[in-house]
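Chains as they are written, first to last, in numbering that gives the first Met the number 0: chain P, 0 to 213; chain C, 0 to 722.
These are computed hints drawn from the structure, not numbers from a lab. Backbone N, C-alpha and C fix where the C-beta goes; we use that ideal spot for every residue, glycine too. It is possible that part of the hints are untrue.
Some chain C residues flagged as far from chain P (calculated, every beta-carbon gap over 12 Å) [claimed, not checked]:
| no. | residue |
| --- | --- |
| 1 | H52 |
| 2 | P139 |
| 3 | P165 |
| 4 | K186 |
| 5 | L194 |
| 6 | M352 |
| 7 | E358 |
| 8 | T420 |
| 9 | R428 |
| 10 | N430 |
| 11 | M431 |
| 12 | T472 |
| 13 | D490 |
Where chain C lies over chain P, by a calculated footprint (3+ residues, C-beta under 8 Å) [unchecked claim]:
| no. | stretch |
| --- | --- |
| 14 | 89-100 |
| 15 | 120-134 |
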Amino acid sequence: MKEKDVPSSKLISKNKLGDTMDITEECPQQDSSDTTMDQCIDRDANIAVESKSLLDQSYPDFVEKYFSCINCNEVRGPEDDYRVLVHSNRVCLVTLADSHKLKHPDKVPIKVDFQISDKINREDNPMTGKGKRGAQQLCNNSILCYVTCQDGSRVPIHAAVGGKLLEINQSLVQNPTAVKETYIAIVLPSIPTFESFEIPLKNEDGFFDVDCDS
Amino acid sequence: MKFLYKVLLNIIVMSATESDCKNKLTAQKKGEVFHHMQEVGCCDMCAHLYSGHTSYAFYEKVHKEHIQHGTEGKKLKTNPCVSCLGLLHSPFKENITDRIISEIKQSDNDYDSFNLALTLPISYQLRAHSLAYYVRKHYPKIAHTFGGKVFPWMTVKNIFKVTTAPIIAKSVGRTLNPNSELTINVKLTYSNDGLESSKLLELCPSVFGFRQRKCAELLFSKKTLYHAFHRGLNIELRNFSSYPPNVPNHPLVFSQVNFNQSPMYCAGRYNKYSRTLPHARWIMNGKRMLNTSVQELFSKDVQALFKAQDYTFSSSGREDVDVRMLGNGRPFSLELINPMRTKVPQKEIDDLMERLNKEHATNIKLNDMQIISKDDVKYLKKGEQSETKIYEALCVSKKPLTDELLSNLTSCVPLVIEQKTPVRDLSRRANMVRYKTIYSMNITPVPHSSTNQTYFCVKLKTQSGTYVKEFVTGDFGRTTPSLRSLLNDPDIDVLALDVLNVDLDWPPKKKQILRSREKTQTNDVQQNTQQRALLLYTSDMKFDWYKLLIQAKLSVGSNASNGNFIRALHLSRVISEVSNKSEDVTEVRRLNRNKFLVVCRTAKCANTIIQSKKVQEEFNAFIPTVYMQRSAVIRVLMSTRNLCFPEACHLVPPLHVRMRLQTKNSFSVLENMNEEMPSHVNSQDYPRLRKNVTHSRTIDKYIPPPLSTRTTKRKTVFSSSSV
Ligand SMILES: [Zn+2]
Chain P
0 MKEKDVPSSK
10 LISKNKLGDT
20 MDITEECPQQ
30 DSSDTTMDQC
40 IDRDANIAVE
50 SKSLLDQSYP
60 DFVEKYFSCI
70 NCNEVRGPED
80 DYRVLVHSNR
90 VCLVTLADSH
100 KLKHPDKVPI
110 KVDFQISDKI
120 NREDNPMTGK
130 GKRGAQQLCN
140 NSILCYVTCQ
150 DGSRVPIHAA
160 VGGKLLEINQ
170 SLVQNPTAVK
180 ETYIAIVLPS
190 IPTFESFEIP
200 LKNEDGFFDV
210 DCDS
Chain C
0 MKFLYKVLLN
10 IIVMSATESD
20 CKNKLTAQKK
30 GEVFHHMQEV
40 GCCDMCAHLY
50 SGHTSYAFYE
60 KVHKEHIQHG
70 TEGKKLKTNP
80 CVSCLGLLHS
90 PFKENITDRI
100 ISEIKQSDND
110 YDSFNLALTL
120 PISYQLRAHS
130 LAYYVRKHYP
140 KIAHTFGGKV
150 FPWMTVKNIF
160 KVTTAPIIAK
170 SVGRTLNPNS
180 ELTINVKLTY
190 SNDGLESSKL
200 LELCPSVFGF
210 RQRKCAELLF
220 SKKTLYHAFH
230 RGLNIELRNF
240 SSYPPNVPNH
250 PLVFSQVNFN
260 QSPMYCAGRY
270 NKYSRTLPHA
280 RWIMNGKRML
290 NTSVQELFSK
300 DVQALFKAQD
310 YTFSSSGRED
320 VDVRMLGNGR
330 PFSLELINPM
340 RTKVPQKEID
350 DLMERLNKEH
360 ATNIKLNDMQ
370 IISKDDVKYL
380 KKGEQSETKI
390 YEALCVSKKP
400 LTDELLSNLT
410 SCVPLVIEQK
420 TPVRDLSRRA
430 NMVRYKTIYS
440 MNITPVPHSS
450 TNQTYFCVKL
460 KTQSGTYVKE
470 FVTGDFGRTT
480 PSLRSLLNDP
490 DIDVLALDVL
500 NVDLDWPPKK
510 KQILRSREKT
520 QTNDVQQNTQ
530 QRALLLYTSD
540 MKFDWYKLLI
550 QAKLSVGSNA
560 SNGNFIRALH
570 LSRVISEVSN
580 KSEDVTEVRR
590 LNRNKFLVVC
600 RTAKCANTII
610 QSKKVQEEFN
620 AFIPTVYMQR
630 SAVIRVLMST
640 RNLCFPEACH
650 LVPPLHVRMR
660 LQTKNSFSVL
670 ENMNEEMPSH
680 VNSQDYPRLR
690 KNVTHSRTID
700 KYIPPPLSTR
710 TTKRKTVFSS
720 SSV
């Protein structure tokens, strides 16, 4: 309990520097620093003005803007066609091409099974860290999952690109029909594979590598 | 050898018991050793050193005597001392000190104090080593003062520091301080060093032999020597040179000096107005993408201002290339490595800031630049996690927005979203799920003539670290819920994004600005507290304790030091008067001169205190907002995600850094939310978990227990917590 006459602003900064914050933090003076929405909007309301020019442009689709497409046709047999979305950072999303057999309107997926063999379950991917150590390795004809359709057929879906499996789309288990629409897996191909794609990459992603500074 | 140590040990034990009579004996002995060492070729100082004098005061005294009588150096001929190679005696000492003084005077560094560090050649180490053995052999009783080590604990460096360093300090007009921010490293060389130390190679090939091939330059270092001396190689080593060492023909020579100033920190806030300016150097596939970046625009100039060797830039978070940073700017700090100018006046910083702002007016604007302390930097890093940010996104959609949708959207906050590492960031970060909170959300349609497209602005207040673009687009369903899923419109996209505010009041605003702000703030504060006083505990908040803060009313303009003080007796009288059941109030604790914490057992009691007229007249009473905000989020989570209280607590990241308060309140779970939850929560475990919470972990690692077991467990937890 210091009885010194310190200006309140000083107290605030002192408190904030403390190693552990205690409940004293909780006082209205400090809360005044969390600026309300309205204040902010008043201060810099020029977004709308600046962006007027944007309004008249036709904007590219989210996918078109950031991803390049490569088509992998007949990975294993006819009508086994995939459309792989390649991001400039090498990450690939595996989706079904329109010519894939599952895209027939009469094929209604009712189950997606990531247990591809007795031992391998694609959902069980012990990947750790940013180095993605321990991720499952895929070849371009590795099976990602089996899709069971209403008519009883069981269609295997292949990876189309080889590399590390970063993620499978778990929501497909609950919602099997989405397999026609969304991605099935995210794969990180090796650098040689990536370079062999020979496609122009979209790079207005707007993200940059911070670690490159050193 | 072992036997010798045993003898030594015995001597130490003996000397401890019969210290009185030994004292006289050692005094005699010391004199004897002193003369012996002088004959061997030591200077006065070194001779004292090996005769076992261990106090700094002694050497200071000897030094003074030398100056007074001018006797020093007479006994020695032109050759340097065998031990210190001339560091501690004339005329070589003067040569060295004169050079050091002139180097310091010439340097750009302007720091007031300094600490002197000497780097001596390997030869010195070897000589000291063999001399120590020499003394040990002839006068074992003296040698025990060396402290069982190979070298005497007092070294020539120490003696130099107490005798010569003050002279240097005086003549350069700075003070000598061992803890100074400035360390002056003086490197001294000896021309025969290579020749003398190469003998080591023949003696201990096991230590130095294999290093020879690897790195010839770094063959002998303090570290390898230490290694050799402490590896039972002593026997060979002490014979290495003539025993005692021969009298050198060359003295130690000053070789170089370098200044090592601890880093300084310059902080401020920056605004970024460009959509083609990255935060840091942006390199993709080995190619530089854009030729400049926020930090590069001004860091070099600041570095030049401080005459620093290098810099590192850090900021509280970062924004994408195409995102503008508006509002009061983003806090940053520049660590200036080895700055030569340590007293840069604020005026110069302001001038630089002004110049840079003019130069780069279209891209950036700097504010509040100032020198800060190292502790302030810690706060920047800490604040990164707890702050909130306000964003504005210009979005586009193909469907018209109905009013109903809009109102639904604004009412669903606070909203906890689940974000997997976005695809665009997946190549450089681990894939994991992060829980982030959207505190508020406002949508305003942007009028436009187009018939098939709708434009709107979304203003979001989010927890820091939220990926806003992904919150809008959903990132292929990897962020849930997203604006696309909430508005049930798969075509929503972001056209432009701005950061409007980073809620971290740091670095401190410059004083003159602060004062004017303070005045306007006081009114706001009062309104703020009045609004908050209306917040009450609701029936669905089931905690063990209900906390209130009682604060003195701000007396605007009056003498604040007396006006704001709350007397404990008075407060407790008021509280017992107000609350019908005074036993429900369990604690009234002073937090501050003008602030008290009141802990109640029931929500009703807490609410009556807040609402009572008497309290409202005299104080501001309110529920801590940290609790209110967080519990609001938790309640949302509990209802929407079907979670029990502790589970929900774990999902809501703390708004502030862990709080120190240790009570049995359920909120202590909130306060230490970083604690990992065990995979099976049951009613017996739960209270124990709350009590011993010590270390922290990141929230990301929390894996909720399997769905099937969860529902049954929740009931038990609820019944136990509703007392
Ligand atoms: Zn000497």
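Next on the checklist: Check the structure against each numbered hint from earlier and tell me which ones fail, lowest number first.
Outcome noted: Failing hints, ascending: 8, 9, 10, 11, 12 and 13.
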